[in-house]
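If you count the sequence shown from 1, position 221 lands on 251 in the numbering used here, and the numbers rise without skipping.
I should point out that these hints are in silico values taken from the structure, not numbers from a laboratory. Predicted, not measured: the structure shown is a model, and the values here were computed from it. Quick reminder that beta carbons are idealized off the backbone N, C-alpha and C, glycines included. One should not assume that every hint holds.
As the list claims (entries may be wrong) - Straight-line distance between alpha carbons at most 35 Å, and here's what the computed DSBU-like set of lysine-lysine pairs gives:
| hint | residue 1 | residue 2 |
| --- | --- | --- |
| 1 | K309 | K296 |
| 2 | K136 | K153 |
| 3 | K344 | K361 |
| 4 | K236 | K296 |
| 5 | K49 | K136 |
| 6 | K261 | K236 |
| 7 | K361 | K126 |
| 8 | K155 | K226 |
| 9 | K141 | K110 |
| 10 | K155 | K126 |
| 11 | K226 | K261 |
| 12 | K236 | K155 |
| 13 | K117 | K66 |
| 14 | K153 | K49 |
| 15 | K236 | K309 |
| 16 | K236 | K174 |
| 17 | K352 | K335 |
To be verified - Computed beta-carbon distance windows for the label pairs:
| hint | residue 1 | residue 2 | range |
| --- | --- | --- | --- |
| 18 | K121 | E206 | 54 to 62 Å |
| 19 | N160 | G284 | 25 to 33 Å |
| 20 | N160 | I212 | 40 to 48 Å |
| 21 | G145 | P305 | 34 to 42 Å |
| 22 | P305 | D204 | 18 to 26 Å |
| 23 | K110 | K335 | 43 to 51 Å |
| 24 | R314 | N123 | 41 to 49 Å |
| 25 | G151 | Q172 | 27 to 35 Å |
| 26 | N195 | G167 | 22 to 30 Å |
| 27 | Q239 | I154 | 46 to 54 Å |
| 28 | K49 | I212 | 55 to 63 Å |
| 29 | K49 | P305 | 25 to 33 Å |
| 30 | G145 | D82 | 37 to 45 Å |
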Amino acid sequence: MIIGGLFVAGVVLNQTGAKFTDLDQNDQQVLIEYEKLAQSTKKQGPLWEGYDLTDQPLVFINQGFGKSAYVVNPKQPVSKLWAKEIKMPAKYNTKKVYRISSLTPKMIWTKRTLGNFNTIGEKIKILGQNVYCLQYGSENLQPKYSANHFAPYLAHEAFHYYMQNNWSPSDRFDGELSQNGIKLLKQEYAVLSQIKAQLAHGSHDKLFQLADNYVAIVKQRLVENPDYVQKELTMATIEGTASYVGIQAAQRVGYDYGVMYFDNVKNVDFNEVIPMLEKKGIDRSFLRNRMPYETGALVCELLAKLNVPHWQQKLNQQTIQKQVTLYDVLKDYVATP
Numbered sequence: 031m032i033i034g035g036l037f038v039a040g041v042v043l044n045q046t047g048a049k050f051t052d053l054d055q056n057d058q059q060v061l062i063e064y065e066k067l068a069q070s071t072k073k074q075g076p077l078w079e080g081y082d083l084t085d086q087p088l089v090f091i092n093q094g095f096g097k098s099a100y101v102v103n104p105k106q107p108v109s110k111l112w113a114k115e116i117k118m119p120a121k122y123n124t125k126k127v128y129r130i131s132s133l134t135p136k137m138i139w140t141k142r143t144l145g146n147f148n149t150i151g152e153k154i155k156i157l158g159q160n161v162y163c164l165q166y167g168s169e170n171l172q173p174k175y176s177a178n179h180f181a182p183y184l185a186h187e188a189f190h191y192y193m194q195n196n197w198s199p200s201d202r203f204d205g206e207l208s209q210n211g212i213k214l215l216k217q218e219y220a221v222l223s224q225i226k227a228q229l230a231h232g233s234h235d236k237l238f239q240l241a242d243n244y245v246a247i248v249k250q251r252l253v254e255n256p257d258y259v260q261k262e263l264t265m266a267t268i269e270g271t272a273s274y275v276g277i278q279a280a281q282r283v284g285y286d287y288g289v290m291y292f293d294n295v296k297n298v299d300f301n302e303v304i305p306m307l308e309k310k311g312i313d314r315s316f317l318r319n320r321m322p323y324e325t326g327a328l329v330c331e332l333l334a335k336l337n338v339p340h341w342q343q344k345l346n347q348q349t350i351q352k353q354v355t356l357y358d359v360l361k362d363y364v365a366t367p
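Working from the sequences, and respecting the hints, build out all of it.
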């Protein structure tokens with residue numbers, strides 16, 4: 031009886047307060063950031079070739095107890111019993127937004143069984159349609175310089191889901207670098223530091239030379255430790271492209287986030303990483319578990335700045351059997367006469 035009463039109360043309460051301005055402040059901020067992505071997509075195009083988040087049915091779930099979920103861009107009619115249409119501001123491109131009470135059986139089950147988002151291949155059906163879900167809380171809205179801020183977080187994780195089904199898997203990997211391997215990695219980071227510094231105002235010729243230097247060092251690393259470095263390059267491709275897309279999303283919504291941003295600190299120099307390792311300020315696992323996100327995202331920015339033809343398309347067309355890494359694309363470009 032109590033459970034049934036809560037369910038009925040949830041359905042009834044969900045039918046009230048249907049104006050955008052009536053919503054929880056966190057829920058408003060999430061929808062505002064999504065709207066900024068929608069507006070920028072209309073003006074500038076998608077965040078990545080073939081990746082248009084504004085054309086997908088999405089569900090944003092407030093993690094708080096008794097809080098609501100929002101269906102955005104439903105592709106099929108929505109039952110008015112389970113959902114209430116939100117009256118969005120007239121100037122918004124995002125018109126179809128429906129609130130679902132978290133006390134409905136489906137949302138209770140989804141909150142309990144879902145991680146923070148769908149994993150690749152995980153099908154979730156809400157209100158009769160397959161959707162991509164993302165759970166959020168204040169930690170996705172308040173901290174500075176965070177990859178988990180809502181817009182970059184959504185863009186990053188949904189990119190894995192929608193775009194990387196046929197890419198080679200990128201699990202965490204084991205392995206260690208020799209002293210010579212660390213020395214070569216330090217040289218790579220030095221070049222990446224120069225690339226990052228030159229991206230804003232450097233000439234095409236200067237960036238091309240730095241790209242060539244980067245490729246040369248990675249070639250040496252592949253000879254020195256092929257298994258480790260190939261796994262690193264794979265992870266840099268999977269996570270680096272998703273991070274790059276997240277950075278693009280952050281820029282479009284006006285959130286300060288970029289390459290070598292970590293919680294509460296930004297623009298860490300690549301040159302600081304190995305000295306920090308040597309002082310035991312970070313563990314060696316940081317090199318393989320975290321840094322590929324940054325190196326991959328920076329190589330994406332380099333490919334974009336060099337205007338490498340069809341670089342995103344080349345990555346999109348890869349398969350599990352025929353892997354293409356960011357390094358492969360850049361290596362082919364610098365080798366072109």
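Cross-check of the supplied hints:
1. K309 with K296: holds (20 Å)
2. K136 with K153: holds (14 Å)
3. K344 with K361: holds (13 Å)
4. K236 with K296: holds (25 Å)
5. K49 with K136: holds (24 Å)
6. K261 with K236: holds (29 Å)
7. K361 with K126: Given that 35 Å is the threshold and the Cα spacing comes to 44 Å, the pair is violated.
8. K155 with K226: violated (42 Å)
9. K141 with K110: Status holds; Cα separation ~21 Å.
10. K155 with K126: The hint holds at about 18 Å.
11. K226 with K261: holds (23 Å)
12. K236 with K155: violated (50 Å)
13. K117 with K66: holds (17 Å)
14. K153 with K49: OK: K153 and K49 at ~31 Å, within 35 Å.
15. K236 with K309: holds (33 Å)
16. K236 with K174: holds (32 Å)
17. K352 with K335: Cα-Cα ~26 Å, so holds.
18. K121 with E206: 54 to 62 Å: Since K121 and E206 have Cβ atoms about 55 Å apart, the given range 54 to 62 Å holds.
19. N160 with G284: 25 to 33 Å: holds (31 Å)
20. N160 with I212: 40 to 48 Å: At roughly 46 Å between Cβ atoms, I212 and N160 fall inside 40 to 48 Å, so the hint holds.
21. G145 with P305: 34 to 42 Å: Check passed, 36 Å falls within 34 to 42 Å.
22. P305 with D204: 18 to 26 Å: holds (24 Å)
23. K110 with K335: 43 to 51 Å: With a Cβ separation near 49 Å, K110 and K335 satisfy 43 to 51 Å, so the hint holds.
24. R314 with N123: 41 to 49 Å: Taking Cβ atoms as reference, R314 and N123 lie about 47 Å apart, which means the hint holds.
25. G151 with Q172: 27 to 35 Å: holds (32 Å)
26. N195 with G167: 22 to 30 Å: holds (28 Å)
27. Q239 with I154: 46 to 54 Å: At 48 Å between Cβs, range holds.
28. K49 with I212: 55 to 63 Å: holds (58 Å)
29. K49 with P305: 25 to 33 Å: For K49 and P305 the Cβ distance comes to about 54 Å; the hint is violated.
30. G145 with D82: 37 to 45 Å: violated (24 Å)
Taken one by one, the earlier hints fail for this structure at numbers 7, 8, 12, 29 and 30, listed in ascending order.
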